[in-house]
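Here the protein sequences line up with chains R and S, keeping their order. Under the working numbering, the first sequence has 49 at position 49, and the numbering climbs by one with no breaks. Under the working numbering, the second sequence has 1287 at position 287, and the numbering climbs by one with no breaks.
What the hints contain is simulated information worked out from the structure, not anything from laboratory work. Beta carbons: idealized from backbone N, C-alpha and C, even for Gly. Please note that a few of the clues may not be correct.
As the list claims (entries may be wrong) - Residues of chain S placed beyond 12 Å of chain R at every Cβ, according to the derived structure: (1) His1123; (2) Arg1233; (3) Gln1352; (4) Pro1437.
To be verified - With the C-beta cut set under 10 Å, the calculated list includes, among others, these residues of chain R facing chain S: (5) Asn9; (6) Val18; (7) Phe19; (8) Pro22; (9) Trp26; (10) Tyr35; (11) Asp36; (12) Arg49; (13) Cys63.
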Amino acid sequence: MLRIVVDLNRCESYAQCVFAAPTVFWMKDEESLEYDYAPDDSLRVQVERAAAACPVQAISICCLDEQLEQQGGNHSEQQ
Amino acid sequence: MSSNNAKKTASSVQKPVQRIVIVGASLAGLSAAESLRSEGFAGTITVIGDEPYAPYDRPPLSKTVLTGWLQAEHTTLPQSVDLQAEWLLGMPAIGLDLGNREVELADGRRVGFDRLLISTGTHARQWPDLAQAALDGVCLLHTRDDAVRLRARLAARPKRVLVIGGGFTGSEVASVCRELGLAVTVTERSATPLIGALGAAAGAFAGQLQRAHGVDLRCNVTVMSLEGDESGRLRCAYLSDGDILDIDVAVVALGAVRNVEWLRDSGLAFDSRGIACDAACRAFDINGMVTDDVFVAGDIVRWPHPLYEGELLAVEHWGNAVEQARTAAHNMVSVPADLQAYKSLPAFWSRQFGVNLKMIGLPSFADEVVLTQGSVSERRLVAAYGYKGRIVAALTVNMARWLPAYEAMIEARAPFPPVLHAPDSSAELRPVPAGFPPHGQITHSPNAIKTGPGPSIPSPEESPTSDKVKDPRVPPGFQPK
Ligand SMILES: Cc1cc2nc3c(=O)[nH]c(=O)nc-3n(C[C@H](O)[C@H](O)[C@H](O)COP(=O)(O)OP(=O)(O)OC[C@H]3O[C@@H](n4cnc5c(N)ncnc54)[C@H](O)[C@@H]3O)c2cc1C
Ligand code: SF4
Chain R
1 MLRIVVDLNR CESYAQCVFA APTVFWMKDE ESLEYDYAPD DSLRVQVERA AAACPVQAIS
61 ICCLDEQLEQ QGGNHSEQQ
Chain S
1001 MSSNNAKKTA SSVQKPVQRI VIVGASLAGL SAAESLRSEG FAGTITVIGD EPYAPYDRPP
1061 LSKTVLTGWL QAEHTTLPQS VDLQAEWLLG MPAIGLDLGN REVELADGRR VGFDRLLIST
1121 GTHARQWPDL AQAALDGVCL LHTRDDAVRL RARLAARPKR VLVIGGGFTG SEVASVCREL
1181 GLAVTVTERS ATPLIGALGA AAGAFAGQLQ RAHGVDLRCN VTVMSLEGDE SGRLRCAYLS
1241 DGDILDIDVA VVALGAVRNV EWLRDSGLAF DSRGIACDAA CRAFDINGMV TDDVFVAGDI
1301 VRWPHPLYEG ELLAVEHWGN AVEQARTAAH NMVSVPADLQ AYKSLPAFWS RQFGVNLKMI
1361 GLPSFADEVV LTQGSVSERR LVAAYGYKGR IVAALTVNMA RWLPAYEAMI EARAPFPPVL
1421 HAPDSSAELR PVPAGFPPHG QITHSPNAIK TGPGPSIPSP EESPTSDKVK DPRVPPGFQP
1481 K
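Please model the entire structure based on the sequences and the hints provided.
What follows is the structure, given as structure tokens:
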């Protein structure tokens, strides 16, 4: 599952990511970046391009372990 | 130190670290687990968290989740490396046995460790009258579940929302309400919103923004009580200015309380201000000795920052949780000669009322503030904070790109007011008092503060009179005897 997080302390609102993946990142008002943490897998290439385009490398991408994601509530253990 | 103790320490240094336990499965806990693996740690990592969810991000909860743009389930944080961790979620830790190096879980299990990281963060401060707090319509905002509940309330278009407390969370909630076209009243006990974080001068600007966006902002006002109808639904609020507000939703945004209760009797040095640690993130015990195997990171911590005269800082910021956890993780698996000191500058962002607010350094340390670039009327500006002639913090409003330049000045202890070569810098800099509330006067959400020298148990500030001042219902001007 595709997951991202942006370090908004580092982000300087250059909006390169918005051009690369406009349905994932958007500029709110003048310079507040907003984004979807869990974009659809079909957007992977766009999101990777966005991360590569960011001049301050504020975007981290990763896949999330499905098992952990679904773990919600059931106190499970994985060994 | 007894010879017994000395022996134990010597042998523990030689024994390789095999089992690491992290209590608190949120931003700091996750960041530490990632760093441990990046550092090459190959032993077991057990992450214990009382929330039922995989680590998720809180900042969007008061922003995009509340507006409805982002689903709460989408806030789960990515994991940059394959953690191979054991996750015990929905499972509170209820005790710490330092002698046997075990964490005690709510179901009675005990989990042994060679190194422990405590990252149990904070929870939202509850409304002090529990019967009123339980009224249908009284909300908190700290967890994913809180955000889902509050989002549902706002989507049902209440006639008026009351936000109790004008700190960052309260201000962001009010901003979202206005964005959704909802009537909103903010009560703030101090003279301006955000006063604890930014001081009165910048707080006055934040207040102007709120009013310009149609918020009914009441400063120097407290909520005395909340009242429900026969069926227990919130109906109205009694304010200290004599007004009675007809409301159906109240958001209690009175700041955060540190999750230290489970450490009672553990022998660690903690109080309501957090757990005291040294610059290497090692926790102190009640005798003021630093522990070798217990580390701390994130909102739960107070630690000595070299730039701020060794006073212990307590910082409730996203970046702090990430960075401090990285340092703690490195130190957990390092020999003494390789220990790193944690000395990142506090940094914060917020978005509210059409502006991107960003901060670097520790404004609350300052005595003066000066507008260095831009202007209040354009809502694009930089303000620098000074303490005894040196720059200690900076705030940008829609001018985030300037932040790194100010960060460098703060780290270099550059003079205040700063010397600038920016094209839009004010011709003549006129510092004014920063306007932080006097030490010991509690504001709703200071966010990043110095907490005095430490460790000392109990906190000198904890007394029945200070509790009275902390009660959010007590109007301003109350003088403790
Ligand atoms: C609504 C909101 C908006 C925010 N917006 C911003 C922002 O815009 N910018 C910014 O810089 N910062 C923001 N922050 C602050 C930021 O989210 C925090 O600094 C960060 O979450 C701290 O991470 P942490 O891991 O130290 O603690 P926390 O996130 O508080 O996590 C601690 C975890 O430990 C768990 N826990 C507690 N006790 C136990 C126990 N006994 N056993 C097991 N588990 C336990 C808790 O349930 C929790 O999951 C915001 C916070 C909130 C609540
Ligand atoms: S490209 Fe990077 S700096 Fe620019 S807006 Fe996106 S995240 Fe921020």
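Results of checking the hints against the structure:
1. His1123: Holds: least Cβ distance 19 Å, greater than 12 Å.
2. Arg1233: holds (29 Å)
3. Gln1352: violated (9 Å)
4. Pro1437: Answer for S:Pro1437: holds, closest chain R Cβ roughly 26 Å.
5. Asn9: holds (4 Å)
6. Val18: Not OK, violated: R:Val18 not within 10 Å of chain S, min 14 Å.
7. Phe19: violated (17 Å)
8. Pro22: violated (14 Å)
9. Trp26: holds (9 Å)
10. Tyr35: holds (8 Å)
11. Asp36: With Cβ-Cβ at 6 Å, under 10 Å, it holds.
12. Arg49: violated (17 Å)
13. Cys63: Cβ of R:Cys63 sits 8 Å from chain S, so the hint holds.
In this structure, the earlier hints numbered 3, 6, 7, 8, 12 are contradicted, and the remaining ones agree with it.
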